Amino acid sequence: MNCIIIDDEATARAIISQLCSNVDSLNVLEEFPNAIQAIKFLNQNPVDLIFLDIHMPEFTGFDFIETIKNPPKIILTTSDANFAIQAFEYECIVDYLVKPITLERFQKAIQKAESVLTKVAEPIVSEKEVATSGNHLYINIDRRLIKIDIPSIYLIEAKGDYIQVKTEDKNYTVHSTLKKIHEKLPEDLFLKVHRSFIINIKKIVDIEDNSVLIKKDVIPVSRSNRPELMKRLNLL
Amino acid sequence: MEQEQPNLSYIHNMSGGDKAFEQKLIDIIKLEFPQEKEVYYDNLVAKNFKQTAENVHKLKHKISILGLEKSYEIAVAFEENLLEGRTDLFQQFESILNTITNYLQKI
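Quick note, the sequences are listed as chains X and E, same order. Take -19 as the starting number for the first sequence in my numbering and just add one per residue. Take 842 as the starting number for the second sequence in my numbering and just add one per residue.
For the record, the hints were derived by calculation from the structure and aren't laboratory data. Careful, some of the hints might be misleading.
Unchecked claim - Short, incomplete list of chain X residues facing chain E, as computed with Cβ under 7 Å: (1) Thr(-9); (2) Ser(-3); (3) Gln(-2); (4) Pro13; (5) Gln17; (6) Ala61; (7) Pro80; (8) Arg85.
Quantities reported herein were computed from a predicted structural model and do not represent experimental measurements. Cβ coordinates follow ideal geometry from the N, Cα and C atoms, glycine included.
Take these sequences, add in the hints, and give me the full structure.
Rendered as structure tokens:
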């Protein structure tokens, strides 16, 4: 599980990070002293889990939850047990850790998070995390089928058990595989250029020896996929 | 009443024997505690009690990390005091801060 830590107290961040390092399945991507910085990060980087402090100046943990769309799963960390009832009004919150956090209690919270994330990852529409209809694609995110205009997709990246679908308007993270989504996309428009990337050929800005620039993303092109890419381009 | 003394039991327990981490955490506390204390005093002097309560809330974590259980209860009560605009427990809280300050200078 990719996670981030948001806490204005350096001591708390260090403790949570250390506790995370004892769990093989946890990968701490970043630590943030305030929620605003974390929001910017989340716009570009999907995460599975957030350790979130409630008491932070100016922008509290609850402000943060209210602000982000489709929040990932969250474990609240706080020195105040009084917010527990309020905390569980949010579906994204899987547990509530009162500081100082003990190793035993932390491990229990991680088990809860893993259990919840496994359930979320189960497809609601069988074998249809990704389904197409005409020029549109429906992706299943947190039990909602979201409609995406296929030509607006410019990049799809594999991220572990998930794929990130980048469109002109928004990025989506969905529990699926590159292979599954590739089968749903029009062949003339999309090409797998690397084991982790599918690109929209029409969105290519430029090409170098072993990479392509798609919007602002530099994407590697594997040697085996380069001939097909070159064949599909309208070369002078 | 004799002031209870800080200890490193929590840090030892959660570190899993990682001595480098223990030292790193102590260094962070040594750096962060005086800063938090200073902000607390600034807000207290300015009679900005809501902010002062926030500062006490933040300091509570370090009080608990250093194993000061009774002091933690005083901090909880003082935080509530401040939110009601009262400073009844100021001196007791000050004594806790002094104890921690002295302890951090020794370790």
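The hints, checked one at a time:
Satisfaction of the interface hint for X/Thr(-9) is found here, the shortest Cβ-Cβ separation to chain E being roughly 5 Å, below the 7 Å cut-off. Contact between X/Ser(-3) and chain E, as hinted, is not supported at the beta carbon level, the nearest pair being about 9 Å apart and thus beyond 7 Å. Given hint, X/Gln(-2) at the interface with chain E, holds; its Cβ is 5 Å from that chain's nearest Cβ, closer than 7 Å. Using the Cβ-Cβ criterion of 7 Å, the hint placing X/Pro13 at the interface with chain E is not satisfied: the shortest such distance is roughly 11 Å.
For the restraint placing X/Gln17 at the interface with chain E, the shortest Cβ-Cβ distance is roughly 18 Å, beyond the 7 Å limit, so the hint is violated. With a cut of 7 Å, the hint placing X/Ala61 at the interface with chain E is violated, because the nearest CB-to-CB distance is about 10 Å. Taking 7 Å as the C-beta contact cut-off toward chain E, the hint placing X/Pro80 at the interface holds, the least distance being around 5 Å. The closest approach between the C-beta of X/Arg85 and any C-beta of chain E is roughly 10 Å, which is over the 7 Å cut-off, so the hint fails.
The structure is inconsistent with the numbered hints 2, 4, 5, 6, 8, although it conforms to all the rest.
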